[in-house]
Amino acid sequence: MSETDSMVSIQHLSKSFGDTEVLKDVNIEVKKGSVVVVLGPSGSGKSTMLRCINLLEKPSGGHIYIEGNEITDPKTDINKLREHVGMVFQQFNLFPHLTAKKNVMLAQRKVLKRSKEEAEQIALKELARVGLAERADYLPSQLSGGQQQRVAIARALAMEPHVMLFDEATSALDPELVRGVLDVMRELAEEGMTMVVVTHEMQFAKDVADHVIFMEGGVVVEEGTPDEVFDHPQHERTKDFLGHIS
Amino acid sequence: MASALKPFFKHVLITALALSVVITFVPLIAGAMTVDSTTAKSNETGSDNILGGTPTRITWEAVVGDGETVNNVVVQLPQGSEFTDESTAKVTVLEGTKRLSPASTVSIDKAAANVTVDFSDPITAGQRLRVEMYKTSLPNVTGEVHLTGTYTTTDGSTGELGESPAITVTAASPAEKISNWLDQQPAVQAWNSVTFLRLFFQPQLVVSSIPTVATGWLISLALVLVGFPLAIPLGLLASFMKISRSKVLHVIAAIYTGIIRGTPLFLQIYIAFFGLPLLGVSINQYVLAVFVMAFNSGAYLCEIFRAGIQSIPKGQFEASRSLGMTGPQTMFSVIIPQTIRRVIPTMTSEFILLYKDTSLLAAVGVMELMLYSRSIVSLTGNMTPYIVAAIFYLIVTLPLIRVVTVLEKRLALADNGGSAPKKKRKGRRGAFSQMKSEIAETVDEDPFEPDYNAQTLHHEEYEEKKAAERKLAEAEKKNGEAHE
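The listed protein sequences correspond, in order, to chains A and B. Taking our numbering, the leading residue of the first sequence gets 1, the next gets one more, and so forth. Taking our numbering, the leading residue of the second sequence gets 1001, the next gets one more, and so forth.
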């Protein structure tokens, strides 16, 4: 793979919390425009891996490159890096004291130094994109979980990220609210957004993923196209997991 | 403030008394009857003032001149003075220190505001005539008043009694007038016939102590209204130090809050008020009081703010940082605004505590609500001024306690994912019923309001997440400063 093709390159990543080794020599490549879905049981280290990509967790060892820039280099401006890496959390993490629109505007104003008018215009555009133009002036507490998560996606998109990280974005939602969020993610994928998605939604993985990674015990057990991983899993653990889930 | 003038009047009165004493003992050579002393008994609760328009006892003394024998004296009160039905007058005649009892009749003329004394046995040169007029009111105007009068000798000649020495009168305030009026009311008299009611809730004393106690109340309020805003930045600074990664700053803040919260405010007041003068530092006691209160409250506010900041979910920091916001941007745009909303009820409680604690300053002689009411209690031996003081504390604390309750309920609702408190109030409903209906409205709006707490996760997964979070917290502590 050529250097210019790579969006995220994770090489020999390891991460320990005290004596507990959560990630062991993880290597992952994410090509520009591709959708990588990471599967695995709880505690497999997939969320920690994702959080290492925008340095919410500090890697214990290894290297991570985003668009060819090494972010694990201590000289890297982390805030600058994070502008281009959007993240969506399981618990949405909207700012509860701000309306949906202001949630989307805040970082634009503070980080990108956009004017109020421009930030507002972009906020309304992104909210419309996730189907929530009508709810711009609602507070998070006045929105359903699915709506909150869509606002969170709009908030990340307003920063014009080069890659989006989804950390179990639908796990905290009631089943009937999951679809709206997945639809938004599907559309994003179709528009060519580079995405790294940690999820338990198998159907979504099958439909949308370009590349599927199965992790367990802090290592990548198996990876490949959805066909390879879902229909012809090579490892016992992968088979067990897929059988158990579906 | 009337009370500030009291020492001034005290001086005037003492001077007047001293003068009259001097004059009394000056040997008299005059050939005519001379008035040498007039005094009135203080009739204001808690001061030496002589109030106008309020019953008092006036004592008037004159000495018969050389070669005179007097059989009639008329003592004329100044214009505006009043005798009532209850007024009486008592006559005493003295020769040196010897008390004489010449036959005499005393009559009060209410309309003319004078007292006439007729002697069937005339009084003679050098003898002293004392007339005491009870339940008599002087004019209700601030200033000096003099008594005048005439006398008649046995040979039929009439003389003018010159102006008496001055009595300094202070005009009665509306409260004192009401108090005087209450004195006359049969219902009040019946109320006061019950010992408990008289001692703890005497209507006249309630009314007459209000101006004094209110003065103390304003001072207490001023102490806390100046002190508390000073404590807020102090507490905020200390809370930042306490959560800071710098060990030194943390330790400084920990020592400050530890000592202040671990010792009684009473002791801190003693140390400040008695210690600083020992060091030769002299500060106005009100200024010092404000600083002591602020310094004390700052330590409590520090803990309130620290707990508030740390109660903000970690996800808020992560979301801000993942959007590229810097630490200070995160703090001021995301964390502090949420913290303020959360700590306002606790801060209000702290304000209430501090306000009540101003009473401790009485121990070191700072004139505030407590000490003002005590001054009346010690003069009257009646508990009523303390009850009035209690009312003055309560008119501030009770509404604030109510505010705290409402805010706490709202906060609890907001935290439970209920509707945010931004809706307009409809009608005059109670806050609680309003909030209940707000929840109902939200439910109507979206029947699938999710509860994104633990229940929606698979139980097993939730347990694992908790364990992972614990691990994470541990690891972060160990690593100290992580990826920043």
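Hint data in this document are derived by calculation from the structure and do not stem from the laboratory. Keep in mind that a hint or two might mislead.
[Said to hold, decoys possible] The list that follows gives simulated cross-link-like pairs (lysine-lysine, DSSO-like), each with its CA atoms no further than 30 Å apart: (1) K113(A) x K1314(B); (2) K1247(B) x K75(A); (3) K116(A) x K1314(B); (4) K80(A) x K1247(B); (5) K1314(B) x K75(A); (6) K58(A) x K1314(B); (7) K1314(B) x K24(A); (8) K1409(B) x K80(A); (9) K102(A) x K1409(B); (10) K58(A) x K1247(B); (11) K58(A) x K75(A); (12) K1409(B) x K125(A); (13) K1247(B) x K102(A).
Against the structure, the hints come out as follows:
1. K113(A) x K1314(B): With Cα atoms ~25 Å apart, K113(A) and K1314(B) stay inside 30 Å; holds.
2. K1247(B) x K75(A): Holds - the C-alpha atoms of K75(A) and K1247(B) are around 25 Å apart, at most 30 Å.
3. K116(A) x K1314(B): holds, 28 Å
4. K80(A) x K1247(B): Holds: K80(A) and K1247(B) sit about 29 Å apart, inside 30 Å.
5. K1314(B) x K75(A): holds, 26 Å
6. K58(A) x K1314(B): Roughly 16 Å between the alpha carbons, so the hint for K58(A) and K1314(B) holds.
7. K1314(B) x K24(A): holds, 26 Å
8. K1409(B) x K80(A): Judged against 30 Å, a Cα distance of about 41 Å means the pair is violated.
9. K102(A) x K1409(B): OK: K102(A) and K1409(B) at ~26 Å, within 30 Å.
10. K58(A) x K1247(B): holds, 22 Å
11. K58(A) x K75(A): holds, 14 Å
12. K1409(B) x K125(A): violated, 37 Å
13. K1247(B) x K102(A): violated, 36 Å
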